[in-house]
Every structure is written in structure tokens, then in C-alpha cells.
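J.: Here's the letter readout for the chains.
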Amino acid sequence: MSEPIIVFEDFSFKYKSQTTETLKNINLVIHRGEKILILGPSGSGKSTIGNCINGLIPFSYEGKITGSLTVAGIRTTEANIFTLSRHVGTVQQDSDAQFIALSTGEDIAFSLENEAMPRPEMLPRVEAAARTVGMENFLGEVPYDLSGGQKQKVALAGVLHNDEEILLFDEPLAALDPAMGMTSVDLIDRIYREQNKTVIIIEHRLEDVLYRHVDRVILVSDGQIALDTTPDELLRADILSKMGIREPLYLSALKNAGVTFGKEDHLADLQALNIDAYKEKLTSHFKENAASLSEVTVSEEELLNVQDVSFRYGEEDVLKNISFKVHKGERICIIGKNGAGKSTMAKLLCGIEKPRTGSITFRGENCLNYSIRDLGRLIGYVMQNPNQMLVKDMIRDEVSLAMQLNGYSEEEIEKNVETVLRMCDLYSMRNWPIGVLSYGQKKRVTIASILSLRPEILIVDEPTAGQDYRHYTEIMRFLENLNKEYGIAILFITHDMHLAIEYTDRAMVFTDGELIADDYVFRVLSNPEIIKRANLKQTSLVTLAEKAGIDPEQFIHAFIEEERRIRDDEQ
Amino acid sequence: MNSDRLFINVKPGKTFIDRLTGKTKVRTFLALIMLLIATWDIRLILPLFFLFIIALISIRPNWKKVWAVMGFIILVNLFNLLLMWLVEPDYGRNVVGGSTVLYRLSDFYIISAETMWYFFVRFTKFMATFVISLVFIQSITPSEMAAGLYSIKVPYKACTIVSIAFRYIPDIARDFQNIKISMQARGLELDSRKASLMTRLKQNITILAPLIITSFDRVGNIANAMDLRGFGKKKTRTYYAEHEDTRGDKIMMLVYLLFYGLFLAVVIIKIVTRPEYQVWYP
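Residue numbers (this note's numbering), protein chains in the order written: chain A, 1 to 571; chain B, 1001 to 1282.
One or more hints might be untrue.
The calculated label-pair distances, taken between Cβ atoms and stated as ranges, are [as the list claims (entries may be wrong)]:
hint	chain 1	residue 1	chain 2	residue 2	range
1	A	Glu410	B	Pro1170	38 to 44 Å
2	B	Val1087	A	Glu410	50 to 56 Å
3	A	Asn80	B	Gln1278	32 to 38 Å
4	B	Ala1173	A	Asp374	21 to 27 Å
5	A	Asn338	B	Val1087	55 to 61 Å
6	A	Asp393	B	Ile1074	37 to 43 Å
7	B	Ile1074	A	Glu414	53 to 59 Å
8	A	Asn137	B	Arg1019	19 to 25 Å
9	A	Glu414	B	Leu1075	49 to 55 Å
10	B	Leu1075	A	Val436	23 to 29 Å
11	B	Lys1157	A	Ile65	24 to 30 Å
12	B	Gly1071	A	Tyr439	45 to 51 Å
13	A	Val436	B	Gln1177	25 to 31 Å
14	A	Lys325	B	Arg1019	53 to 59 Å
Simulated from the structure, these hints should not be mistaken for laboratory data. Positions of the beta carbon are idealized from the N, C-alpha and C atoms, including for glycine.
Make the full structure from the sequences, and use the hints.
T.: Encoded structure:
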């Protein structure tokens, strides 16, 4: 084995503002040229490990360090962040905020500018770095015209030219659509191979990262290293769901069929996994399930009717002849790549924009002339970032705000707010200050504050962005409950295929302003043409079904139903 | 061609002035502004004014936007002069010298040639300042501005604040828009026909709380991103956006040196001759 490049020895860290240690007694050695995945749920301390390696701790975040950490032969407590940044290149999670400059070229050049490198030397290096990530034709572009994936590529190029030996990726998949995420994992892998770097990826989306080989997975839980092993061993260990990590879907499907794996199985790579031995079990289990498949029933009660709606910004057609209906109690996911028209559709439904042609009716009434405020009582819109929605100090005040603004009487407010707080399981916390809540709890408060007006449809924008599996499950179960118990129709705008599979019945797929598919989720996700056109990622269930010679559509359908049954039993 | 030209450009344009370096733009602008502040001589101001108009035409601005702003500035200026006249109708006596009455409205309110002359010079001077500022703002990108300020020895950390601000202003504006919409959906009335100014003002302040919190989150991320890429490591810095001097820059260097010379000349003449009146009068 080659020489160690990162060595944690009995390393502990406590943030100045916290009372307990975030990292406890970490012992970890990473060798030069390894490709490592640091896996763990939110709050496990995995990002803190990253910040220790790149020097943000203790440079930007104060706290108490015990033990030692050596990166490329430098003890981090004795070096400053600039010395470390020569060895460690970091690509952060928020690809927008880390785009500091006003053009691609300038952003890639940022670290060279700080080195005071003369411009003639700088230009070829910027161009070379841009070519490595495939952005050489975008050097003059401004950040506002780039997609999340492109911004991430720029961020990566920006840390490629200082001969950093270590590349650190902090949740690189969080903000990308599925196909973009795959491209990103591919790109990281290519640079790892071509440039002999040591690569560390911090993520909780295991299946997506395992799309390309990693040498070792470090599972972090509660500030400690729970497991340090190969991906195959990790998947065999049957520890993931306990740790709040989603296991790959194909493994869930195989396990549901009662398959137990042997030592030689390459679990981390579905392509390499030899399933011949399990084919029989899988097929018979599928047949059993398929026999009892139920039809998805949709209420007759029509809420929303969108007919031939078109919309354009300036010269550009953003939406072309969109028609669909939403019925009471439906669960629909709206999917498609960035800029496909999903958010514009949501804006039209909320009255923020008015369509150029076409009609939108709510319970048969034309609502094109309704103001944002009028529509807010019919269709609630939950933004992605709860911090953008919370304006009050107390949970109760936040939830009653909308009713106050709409001029309800004190009694009505009192009564309704109590109901909503109970619906959202917030009643016991009603007098808590919002500042102390976790991200997921804040999300719940924003949903409660929207629900107080009793809308019949909720549009939820990326409910699970940046959430690990445990929090994701918490939020989604909550929404599922609202849907089931109160018949609220929910439209999810999302990139997350797991969400679509697990929690929705119907998928509407947008591409280039057109609604290219509007059908059952299992049908949409097993249609390779739609997957490709909409920049989605084919789920591993399709691959598995094909390998086993089962019809993918039915296989996904059966899988979804079984998973829901299992989930209902758990509750 | 440049009809989509915005007031603040992020991408460099293609005309002669656009293609100059930030250094040249900042230095020239500074020379011209100093000169304009120093002089009250129409023989200097008027030619400069015409020169600036030519410069403005040369960068092919979005005339619709230019006229909108120009109209506003002209109105404000005229109003300003009117107020001055109302307070002190014989203002010209002090700054131009003499008071040749052209028309007498009352004992106090007179229209004198000197005052009118002063107003004319003042108006031209302000308009010239405005036009050259317009040219400057429209032809410089924030990155060039940072590089240009750095070239006149402004510390680079301060220069970076300029470009960073322009980088994130659109983001913050978008956040504000989002927050506003989500509040409207919850029932906030921002329609001027339905809510009074005070209510709307108060409600806009409600929106600020989440805006500040989201902005702080972003600031933390930006600061980390900058630290991680070595911002502040060295005492000096170079700029990717600042290309090498072209022929245009070399010519313009002569031009701005000439203007600095003129500025010095104006100041020295003033000190030496100590003219009785500030404004030159034929």
C-alpha cells in the first residue's frame, strides 16, 4: 500500500458554540491515490471531517481540537488554510455561492489571481483546466446563464491547477438533476484516473456515488467511524437503514425476494453482480406480487384543470400547450431537468405569472384573474428553502400569520391554528422559538403555515433537497399522511427519483417546455425514451429487471407496491 | 445591435471604449471627473460635454434606458436651479461678478444675465458629469472596475467587495422576489390600490427578516469558498479580467495624462491668479 496522505490520530473536535464533541476519537488513514466515500446521515459529522481536512477547521470555525490530523505531512493545527489549500482542492456543496467571479474563466482563475500569477501564465492554465472538465467553450459565460452542473464543473476546474494532490467533494450531488449527477460522478472518476489524485467524496446518496468504483467507504455515525470497509462489504453488512442511509434500490428488490448474498458477490456494481443464482427467487417473488397488483384509483372530484396553456419570456417559449387535470387527493411528481418549465408551471398555478394562451380553472371556476393572494387560499406553494419563508419568532405566530393577513376573526384563527398544529404534529411545540428548530422541523412549520389557509392542493418544491434518508423519510411520511388523512392533493417538483417511486402515483415529465409524459410513475420510469429525453436517470430496478428477464414496468410497479406495504406495516 | 445592453454590464462589450482595460477606464474617468469638479470655465466644459456625448454614442447604449434616466436627471437639475433662484435670485453677483438685470419681477426677484450664465455653466457641468458617468458605468464590467481600482492603489480586498457585490446582487434580488411572492400567497397585500403606504412599508420590512437570514447563510459559504482558494494569501493580486494594454490603451494613456495635466493646470492657475470670481464670464 502506498504512503499515507491523511492521518487522523485520536482526533476529536468540538465547535466553540456546542457543548458536545462533533467528532469523537477519529482514527483514520487515507493513502495517496485512494478514492474514498465518506458516508453518513446529516449531523453525523461527515462534513466536519471534510472541513478538518481542508483547513476550514480551525481557520474559519473555531473550536477545540484534541489528537492530531496530518494532511500531506502538515499538522493542520500548525498550518494555515492557505498552506493546506495548496494540497487540498475543495468543491463545496453550494455550487452557486462558491461561484465567486463574474465569468467562468475568471472563477477558474480565482486561485491563480490570489497567487498573483501574471496573466499571460494564467490564461493557458485556465484554459487547460476548463478543457479537463469540458467547459472550454463557456469561458466568457456569466454565472446566471449556467446550470448547477456547469457551475460545479467550474468549481472543480478552479481547484485543478495548483497541483493539489487531494480533491475533496462535499455533497456534490445535492443540487443536481439525476443525469447531471451521473455525469458528475463520471467526471470525478475520470479526473481521479487521469490525474492520480486522492479523491474524497462526502455524500449520503450511496447508490448514485457507487455508479463508479470507489476503493473504500467510511461510514460515519454520531461523530464516530462506524465502519471502514469496501463498498461490497458495506452493502453486505446490513447496517445502512439503521444508519439512515438509503440502500441501492436493486438490493432492496433482491432482499425483498429473500435473497441472501455470498462472499463473492459484487454488490456495489449491479453490472458486475451475477444474479443468475437469484433469478429464480426474484422471478417467483415477482409473480407472487404481480398477481395481487391493485389498480391505482383516482378520485372523480376534479380540482384543477389546465387547458392548452402556453407561456413565453420575451422571445422564448417556456411552456407549450400544456394540458392536465389534478383530482382530489392525487400525488403527482413533476420531473424534468432544470429549465424544462417545471417552476414556470408552478408559477402559473400560483398566479405569479399569467399564461399567454389557454385556461386554468379551479373547481370549474376560471382563476386566471385571481391574484397571488386569492390563489394562495386554493393552492399552497411550499418553497424549497424554509428559511426563505419563516418571518416570525414563534411557531404559533408563524402558523397564524396567513390567517391574520387574510382577516379571519380571532376565534377562527385560534381554532384553525390548533387543528393545523395538530395535523403537523407541532402542537406540543407551539410556543417554541423558530430559531431552535432543525431544518426538517422548519420545513414542517412552513407547511403548517401554508395549510392554515386550508388549500386543497399543495405544491412542494424539492421537499427533500439536501436531506439525508432519515430526514427525507420523516418529511415524506408527514406529507403522505396529510395526503391520506385530509385528501390534500400534492404536487412534488423534484429531481429525486426515489421520491417519485416511493411517494407518488403519477408523474408529469417536462422537457423544453413540453409535457412529454403524464402517466403512472412505474410506466414513466420504465420508458427509456422518456428517461433519455428528460435527463432522468434510469433506475437500477430497470437494469435488474432486464437482467432477470422480467418486464421492467411491471417489476417497478410490483416493487413500489411491496415497498409501500412494508412501510405501512412498519407504521 | 446592443439594444439589450444593460446599465451594468457583466460581459465586456465590443466597442473601442469597451475594449480598454479597467485600468485605463478608471484612470480616465477619474481624471475627467476631477477636471470637471475643478473648473467653472465653459470654454473647457462645453468641449468636454460634446466629447462625452460622442463617447456615449460610440458605446451604442440602449437609448431607451439612457433617455429615461437622462430625462429624470435633467428635470432634477432644472428643479434644483429653480430652487436656487427662488432663494437667491441674484446668485450670479457672488460667483460671476456684477448683476445686469434683464427682467425685473419685483424688487427681490430679478433675472440677471450673470445668474443665468452661472445657471447655464452649472447645468452644462452637471450634465457633462452625468454623461461621462453614464459612459463609464455602461462600459466597465465589475471585474474591470476591481482591477482598475487596484491599479490606482486601492487595497485589493476593497476592490473585491465591488465585484462580489455585483456578483450577488441579482441573487439577493431573486431571493427577495421569492420571499415576497410566498408572503403574498399567504395573504400579504402589496397592491398600492388596496393597502396604504405605511402598511406596505411595514410589510416590506417583514420580508427583510428571512432575506437577511438567507443572505447570511450565503455570506458564510462565499467566505469559505474564498478562503479555500487562497484569497488574502498575498499582498498583491493579479486579474484575469484585466487584459494586457492594447494600442487603444496606449493612446488613451496619453489622453488621460493630458487630462491630469489640464486638471493640474486649472488648479495651479486658480491658486496663482486667485480670480475674484469662480465662474469665467465672457
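J.: Hint by hint, where does the structure go against what was stated? Just the numbers, ascending.
T.: Going through the list in order, the structure violates hints 3, 6, 10 and respects the others.
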